[in-house]
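Participant: Mind docking chain B on chain A? Use the hints.
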Amino acid sequence: MSDAAQTLIPTRTMRDRIFEAVLPPLVALLVSIVAGDLLILAVGQSPGAVYRLMLEGTWGNAYGFGQVLYKATTLTCTGLAVAVGLRAGLFNIGAEGQLAAGGLGAALVGLALPAGAPALVAAPLCMLAALCAGGAVGFVPGVLRAKWGAHEVITTIMLNFIVLAFLSWTMSTQLRVPETLHTSAIHAGALQRLATWLPSFHGSAANASLMIVLIAAILVDQYLFRTRGGFELRAVGLQPDAAENAGISVGRAWIRALTISGALAGLGGINFVLGYEHYYEEGFATGAGFLGIAVALVGRSNPLGVVLAALFFATLSQGGLAINALVPKQMVDALQGVVILAMAASVPEVRRLLASSRKGVR
Amino acid sequence: MNWITAFLAQTLRIAVPYLFAAAGGVLAERAGIISLTLEGFMLGGAFTAMLGSYYSGSPWIGALCGIAGGLVLGTLHAIATIRFKADQVVSGIAINLLGVGLTRYFLKLIFDSSSNSPRVPGFSAGTSSSSLVTGLLHNPLIPLGLLIVPAVAWLLYRTPFGLRVRAVGEHPEAAVTLGVRVTRVRYAAVALSGALAALGGAYLSLDQHQFTDGMSAGRGFIALAAIIFGRWDPMRAGLACLFFAAAETLQIQLQGMQAIPSQFVQMIPYVLTIIALVGLVGRAVPPAALGRE
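So the sequence lines, in the order shown, correspond to chains A and B.
Numbered by my numbering, the letters in the first sequence go through residues 1 to 362 in order.
Numbered by my numbering, the letters in the second sequence go through residues 1 to 293 in order.
Worth flagging that the hints you see were computed from the coordinates, not collected in a lab.
Glycine is no exception: its CB is placed at the ideal position from the N, C-alpha and C atoms.
It cannot be assumed that every hint is accurate.
Computed footprint of chain B on chain A; a stretch qualifies when at least three of its residues, placed anywhere within it, have a C-beta under 8 angstroms from a C-beta of chain B [said to hold, decoys possible]: (1) 33-46; (2) 145-153.
Per label pair, the in silico range of CB-to-CB distance [as the list claims (entries may be wrong)]: (3) B:Asp-112 x A:Gln-174: 39 to 45 angstroms; (4) B:Arg-292 x A:Val-22: 24 to 30 angstroms; (5) B:Arg-292 x A:Glu-56: 42 to 48 angstroms.
With the rest of the complex left out, here is chain A (with noise of 0.2 angstroms):
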């Protein structure tokens, strides 16, 4: 974010920030239709056809519904995730291992607890492991950027690493079910399927998960636009000069929002963990923290933005199994890369049209 175009703010109309907003995902997802046309006419297939399947094969039928929202669960946490950083001017990367540590954190917990654990009491200590696992893991960075001025970027991608291979082991020596990467069922904190309510969903890994998901988008929402300490993160966002001189600690700003952002990943573990398979697995979500950098993006770290872009992504993630008869499926791999850089392209291009616009008008 280019700090000249922050202090253009008070200038910018409404109309201007809806712009602003709403057409660098547009512009993306042109340019990804695109170059999925090109990748799906370099197969010999029509355009259309493979759009079709893809529409029908996840918003087209309960199963594939199911499995787009839970999909979309997972990458509503990271997107949040990586939103909140963004909003307090931090890029956290780290939402791969932070995700995986929360995946880890409930299930110890959901192992830990006697077989017979109520429901009640269970899960939300589960769901808090989780929480505390992921923040933990985001607090590093913050302390480290906010003491030592270590750059965010470098130091989540490097934790990244450290954090998988350290779970890894701990796998290793003593969780792993002989001959596979998963610990043993967990014993209490488990989640029901929305199969459960709604039997059309059979099959589909949709879970009481989402459920909770879209509340923590609520909080999140809350906390950022409605608090106090919100405020101050987006204040240390747009100007942590400005901030600090406002009598607002940056550095605490900082550790907060990276603790918060490593919290909110960490969350995404339980959809798996208690909502699915019912244990922790190694890699059981890979990519997911990753891509929920491109979730925050295409959202423009807004949460009602994000769960958008988490069922856009989803649905492409999905709809790439549906069409893999006619086109292999690793295009949709290929594609998110072209919406991430085709939406990071026209961010600033948009933006600097518009004030080009304004300037006409004066």
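Facilitator: Below, chain B without anything else, positioned relative to chain A:
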């Protein structure tokens, strides 16, 4: 003596892809463009090198195709970050995802496999029983990898182009007033970094005579760690690469003894990088204009 020879030979082999990627990364970072892209450049280079070797039957053509693949991805990153002023971190992540996605897609499309390519002509590194020198010379990319770091150091510190790269990375405004074309220098540095890192990837696929999905396996990030640990100096980054490779070799050779869990050895580059950033052993200070427009 035999053990030491084997240890050194294996260390060099492991270090070569790091050296290529770090040499490229140093160039881009010294020009002020963040090098989170190295992983994607390597993977792309590994794939196009395999492709070139597959169709031409010559690993030399393969290596050239690897360079071409890196140039394409590097130029894409340059256009996004320089022309469109895209956030360099975001663009870097996009390039990495693009590397993974495109190689998977075309692997499936061309070879109908989601895991690996067929066997292609490559540079054989000789058998482990051959002597250190002849064994390593079998694969021309190994000596090239060892030379690339001093070459980049020479380019950066002894040539007009290097001076411009450093000026652009430290103080672009001042460079402009001296008549340096900032944009052009950055384009060149980033494209070159793509080509160099891709050669590191080409080494991987040509050494193993095939491409496997995700074969860069985080090496681009280890190279980035080496750059930071080497404080953005090519020679020191090169030494860091050798050090990280030596630790990895030690871990492989000690595997049977269970002395240290392998996961802790894997952590070494990352932990050291954080320590370097925090400044416990001399502070690592990045180029002043790194990541700025």
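Participant: For a quick check of understanding: which of the numbered hints are violated here, in increasing order?
Facilitator: none
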